[in-house]
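Residue strings, one per chain:
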Amino acid sequence: METFILVFKVLGFGDLCLYPASFEYYAPASLDEAIDLLNKHREEARVLAGGHSLIPMMKLRVLRPAYVIDLNRVKGLKYIEEKGGEIRIGALTTYYDVITSDIVKRRVPILAECASVVADPQVRNWGTIGGSLSHCDPSGDMGSSILALRAKMVAKGSSGERVIESDDWFVGSFQSALKTGEILREIVIPTPKPGSGGAYLKLERKAGDYAIAAVGVQVTLDGSGSCTYAGIGLTAVGPTNLRAKKAEQALVGRKVDDRVIEEAARAATEDCRPTDDPLRGSAEYKRAMVGVLTKRALNKALADAKRSR
Amino acid sequence: MDMSATSVVVGERRGVKPKPEKEGFVGKPLKRVEDLKLVRGLGGFIGDLKVEGMVYAAFVRSPHAHARIVGVDSSDVLRLDGVIGVLTAKDLGGVGNLPTVDEDAEKKPTPRRPLAVDVTRYVGEAVAVVLAKDRYTAEDAAELVRVDYEPLEAVVDVEEALKPGSPLVHDHLKSNVCYHSVNTVGDVEDAFAKADHVVSLRLVNQRLAPAPLETRGILASYDRGNGELKVWATTQDPHGLRDTLASILGLPQSGVRVIAPDMGGAFGSKISVYPEDVVVSYAAIRFNRPVKWVETRRENIVTTTHGRGQVQYVEAAVRADGRILGLRVKIISDSGAYNTPGALDNPTLTAQMFTGEYDIKAARVEVYSVLTNKVPQDAYRGAGRPEAAYLIERTMNVIARKLGMDPIDIRRINYIPREAFPYTTPGGLTYDLADYEANLERALEFSAYTRLRREQGEARRQGRLMGIGVATWTEICGFGPGLPQTAAVTVTPAGEVMVSIGGHPHGQGHHTPIAQIVADELGVDIGRVSVRHGDTALLPWSSLTAGSRSAALTGSAALLSARKIKRKMSLIASKLLDSDSSELVFSDGFVYSKSNPSRKVRFEEVADAAYKPWKLPEGLEPTLYEYTAYTPPDYVFPYGTHIAVVEVDRDTGEVEVLKYFAVDDIGRVINPMLVEGQVHGGIMQGAGQALIEEVAYDGGGQPLTQSFAEYLIPSTQTLPNIEWTRTETPTPRNPLGVKGVGEAGTIAATPTIVNAVEDALSEYNVVVDRMPLRADYILSLINNSGKRQN
Amino acid sequence: MQSDNFNFECEYWVRGSMSSTRTVRVRVNGVEYTKEVEPRLLLVDFIRDHLGLTGTHIGCDTSNCGACTVIMNGRSVKSCTKFAVEADGGEILTIEGLASDGNLHPIQKAFWENHALQCGYCTPGFIMQAYWFLKQNPAPTEEEIRAGLSGNLCRCTGYQNIIKAVKAASEELRAKAPTINGG
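Residue numbers (this note's numbering), protein chains in the order written: chain A, 1 to 309; chain B, 1 to 790; chain C, 1 to 183.
Just to be clear, a hint being listed does not mean it is correct.
Cut-off 30 Å, straight-line C-alpha distance, at most; resulting in silico cross-link-like pairs (DSSO-like, lysine-lysine) [said to hold, decoys possible]:
hint	chain 1	residue 1	chain 2	residue 2
1	A	78	C	135
2	A	255	A	152
3	C	135	A	206
4	B	612	B	564
5	C	164	B	37
6	B	594	B	564
7	A	300	B	659
8	A	245	A	206
9	C	167	B	28
Chain A stretches covered by chain C per the calculated footprint, using a threshold of three residues with CB under 8 Å from any CB of chain C [as the list claims (entries may be wrong)]:
hint	region
10	16 to 24
11	110 to 124
Derived from the structure by calculation, the hints contain no laboratory data.
Predicted, not measured: the structure shown is a model, and the values here were computed from it.
Glycine residues also receive a C-beta, built at the ideal position from the N, C-alpha and C atoms.
Model the full assembly from the supplied sequences, consistent with the hints where possible.
The structure is reproduced here in structure tokens:
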């Protein structure tokens with residue numbers, strides 16, 4: 001499922017415009033103010049963060065919100081901190097911030113690896129983690145790492161905050177679990193235990209493109225080399241980012257050798273739900289690639305896990 | 001950058017001595033003069049230009065590949081604040097058709113209106129235009145034009161369009177074939193009867209979008225008082241656009257001035273006259289406001305002409321030793337919705353060049369140009385020659401594999417021998433001069449070919465799919481005997497040299513090499529020479545910049561004009577120095593007497609005298625201005641050898657290019673730095689075709705590639721550094737001995753890389769028959785070979 | 001080949017309908033500007049049409065090509081994918097602001113010397129991205145340069161000389177500034 005192809009199907013093909021329609025612009029100074037505006041204008045409003053998903057769609061006039069609520073003037077949404085066994089990332093944290101964060105490098109390198117294959121350097125300078133997750137593009141890279149890490153999303157609305165498990169976050173293509181009037185405030189990642197490793201591998205037509213398929217893997221090994229945790233997220237091979245549950249089950253509680261890796265990779269091909277794509281390959285091809293990428297990512301993640309014991 | 005150490009001069013053997021090395025600017029890697037403004041962001045591209053009172057256009061375009069226009073209602077548009085006007089087809093009654101090839105019965109008429117009337121024939125065809133105070137408002141207004149369509153069945157695939165009963169792109173024609181020709185040379189049947197092997201192939205050159213970084217654009221301004229239409233346009237052919245606009249709009253040629261501003265690339269896509277050129281110019285007159293339109297990238301990929309789109313059937317009659325006895329070729333070219341001149345040029349050129357560097361005595365080539373419901377095709381860097389090189393170089397590769405020969409040996413055995421030049425080909429061309437064998441030898445040495453093969457053997461033992469591909473290419477350029485190019489040289493009274501050239505750059509950098517040629521001829525410092533171009537007011541006439549022709553034609557025209565200037569200045573100096581004009585030398589800013597070098601006069605003193613009748617020898621007119629329309633006696637044919645090393649990931653099908661070597665023979669070189677730049681860029685575009693580029697349509701003719709998010713062009717990570725050197729065989733067909741380099745790399749790189757990938761897959765014994773070499777396609781070749789080991 | 005009657009002064013109509021305008025105060029190349037703009041105005045059009053700084057180009061409209069790259073608040077950005085209103089209160093550096101006292105910036109100089117441009121259309125975007133990249137990574141390898149410029153497209157040069165130029169510029173910048181400042 002590719003954003004632009006989808007867009008053209010929604011739009012029809014004749015209009016080759018790349019100039020956005022008119023809208024009213026708000027730049028609230030607080031999250032509460034932003035939520036009030038969102039509640040006031042509801043479906044007519046869109047929240048602007050990094051803008052790298054929203055603005056292209058507005059230029060194509062696929063989205064034509066009457067109101068744009070720019071979050072960038074809201075203070076305190078840009079941070080990466082580690083506290084009490086959790087890593088907390090503010091929604092406006094950019095890919096660049098993630099890639100250059102020592103906490104990320106040390107604790108969840110999968111996130112940095114994933115962020116560094118999103119689009120290109122300029123986009124990574126401004127694109128935000130919260131924006132990407134709220135956009136819920138099935139080809140979005142960050143979602144698969146979030147699934148692999150079993151992160152939680154903290155959403156804020158007029159009646160307060162609620163915590164949404166990553167398993168419940170990806171409701172549909174371009175549809176997150178956020179309710180009208182809610183804004184994603186923070187992403188909370190349980191700090192992986194010692195003996196953990198992660199990898200995000202992306203197969204793409206060209207560096208920076210949307211994935212043909214991509215796989216994020218996070219594993220933990222105990223002292224005996226048995227797998228105590230496995231998280232696997234899949235990109236661009238279903239209506240949303242998917243969690244490869246069968247593949248995870250094939251790993252947990254077992255000593256991971258080549259045979260087990262093969263088994264998990266095979267299971268991942270059963271977990272995915274790809275569709276044919278005229279530009280990136282058939283469902284069959286993508287399914288096969290999920291197997292190849294899962295195997296390679298597992299090997300990489302396991303090597304890291306062993307090293308970090 | 002100094003190539004003297006590595007260049008091999010092969011001309012002597014044929015008695016053609018290369019020009020001796022002399023002190024001068026020609027041959028030196030001088031930095032470009034225009035870069036100083038471009039690196040500071042001070043260029044003046046079409047999008048940068050503004051004229052007082054200017055309004056902006058936006059086009060309403062067909063969302064259907066084929067549809068009847070039932071009605072157009074633009075009544076809501078003028079209600080929008082800021083809208084100046086709207087035009088639909090019915091407003092363009094007095095405006096003529098766009099150029100198509102319809103002058104004879106063989107070439108079927110496909111009349112093309114600037115705005116579609118009754119029927120639209122491709123997605124993106126312009127139906128109406130709106131003008132507004134800014135582009136945003138113009139886009140708002142365009143949405144308010146309501147067009148009712150009745151969709152018709154579209155024909156998208158070119159071979160489907162050939163079948164009887166296929167939907168017709170133009171109702172009044174009996175078929176979609178708009179051109180057909182057969183050319184047979186030698187006894188083809190006999191060649192096939194004598195063959196030990198017949199190799200058959202179906203090859204596809206996919207449609208490509210030229211996609212220069214700057215899209216198209218036009219700014220038209222009509223001066224009602226003087227009756228002059230002034231047009232700034234992204235065009236490769238200012239005089240051509242002037243003449244066409246004059247004819248279509250019913251204006252005198254003297255009443256149209258076309259200026260090509262700085263241009264951000266073109267690659268053939270800015271040659272033809274487009275509907276927007278006509279509509280915007282007409283709107284400027286009709287509304288008496290300057291009107292500007294700049295394409296969006298979506299418009300560019302969907303509605304600017306495409307290139308390549310060609311299906312090729314090849315049969316080769318081959319003797320057991322690898323000698324090709326004959327070829328049977330069928331070329332099916334996808335014209336798109338109209339039979340434009342450029343759409344027809346592509347297959348015609350392929351049919352002339354399809355035998356490449358090889359001595360093939362018997363050949364039959366059949367060409368079909370076929371209409372489809374897609375945007376028309378036109379030139380794209382190479383225009384017909386990359387398709388020809390692909391055809392023959394892929395065929396050579398497949399033959400070599402079938403016979404178990406090295407791709408080098410199959411080429412050697414079939415080369416036109418160096419004694420055979422000038423050589424007349426089955427395509428009807430007469431090649432100037434070449435030594436293919438020497439160029440190949442140089443390439444083998446330069447790439448350490450034997451070592452590469454050893455490395456390949458080692459890689460294969462490790463289970464890696466490494467491949468080495470070779471293509472030895474040639475092309476026709478220096479167009480041509482029927483198409484002169486012009487240049488004028490003026491020397492001002494202060495001794496400044498102003499060169500006006502007919503060809504003009506869209507990145508090639510004409511200023512510097514032209515100045516190098518003229519400065520050398522006049523013996524002045526290059527800083528004294530300035531070069532102007534791209535304005536119909538500069539020269540009486542000029543022809544287009546295309547087909548790698550500028551060095552050969554514009555360069556020669558500038559050289560010949562400078563020679564005329566020199567002749568006149570010699571006469572003037574001879575009076576000033578009281579010496580014989582035939583013994584004067586122009587050097588270092590002086591005119592010297594050869595026999596007595598102390599007798600000398602400054603260049604600028606001679607220039608000044610040229611404007612003072614009393615200082616002139618009798619019979620000479622004052623002023624120093626000389627104009628030349630240079631017509632070459634025949635075409636020129638550069639050539640070369642490219643070698644690529646690739647690796648295929650056998651699990652994913654991904655292709656990586658590891659190394660790329662090229663050795664080209666483009667004759668004499670004016671500025672080696674610029675030449676190498678052309679080679680780099682050309683190879684990258686050829687690699688783009690092989691690896692990632694493809695204009696895709698769905699079955700109903702809807703374009704699936706509409707932006708750079710879908711239509712991929714190469715990036716910094718597509719190829720490794722290219723290693724390049726050259727041999728030098730000057731052509732006898734122009735006074736500079738230059739051949740042309742703009743398209744060389746593009747022509748060579750595509751078959752080189754595909755051949756390398758096919759070599760990498762040799763254990764699977766597959767034929768690579770489509771491009772781009774997408775990972776999923778490569779993996780399907782492996783999986784379907786029946787030899788996949790799991 | 002500039003024409004005689006271009007007017008680079010900005011002509012601007014305030015729209016009466018649809019949406020209200022907003023005030024944008026921004027410092028560009030060290031100069032303070034205050035303009036009333038429609039919220040939908042893209043930053044690139046603001047820079048080009050409203051400020052007359054046409055060295056920042058539009059190549060693709062979809063944030064793929066990088067021709068519109070400028071530095072905003074210290075980070076490189078594709079200005080075709082930002083609204084002008086987002087720049088309010090901010091600081092922008094464009095290609096026109098790079099040369100100082102009439103001297104080319106070492107990156108500009110390296111592009112010229114290494115023939116790293118042909119048509120020159122993508123060049124300002126490449127130079128601005130290289131400027132940001134070399135601040136992050138003052139001593140990059142060829143591979144790192146290729147990755148750092150992967151968001152910029154060039155259709156002419158084949159990139160080889162661009163990579164070479166950025167390498168050369170990095171060396172000159174390091175020679176000039178012995179103390180290396182990251183970020």
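How the hints compare with the structure:
1. A/78 - C/135: 22 Å, holds
2. A/255 - A/152: Judged against 30 Å, a Cα distance of about 28 Å means the pair holds.
3. C/135 - A/206: Answer holds: residue 135 of chain C to residue 206 of chain A is near 26 Å, not above 30 Å.
4. B/612 - B/564: 19 Å, holds
5. C/164 - B/37: Holds, at roughly 20 Å.
6. B/594 - B/564: Given pair residue 594 of chain B, residue 564 of chain B holds - Cα atoms ~20 Å apart, limit 30 Å.
7. A/300 - B/659: Holds, at about 28 Å.
8. A/245 - A/206: This hinted pair holds, its Cα atoms lying about 29 Å apart.
9. C/167 - B/28: The given pair, whose Cα atoms are some 23 Å apart, holds under the 30 Å limit.
10. 16 to 24: Coverage by chain C holds for the region 16 to 24 of chain A (7 residues, Cβ < 8 Å).
11. 110 to 124: Answer holds; 5 residues pass the 8 Å Cβ test.
Of the hints listed earlier, there is not a single one the structure fails to meet.
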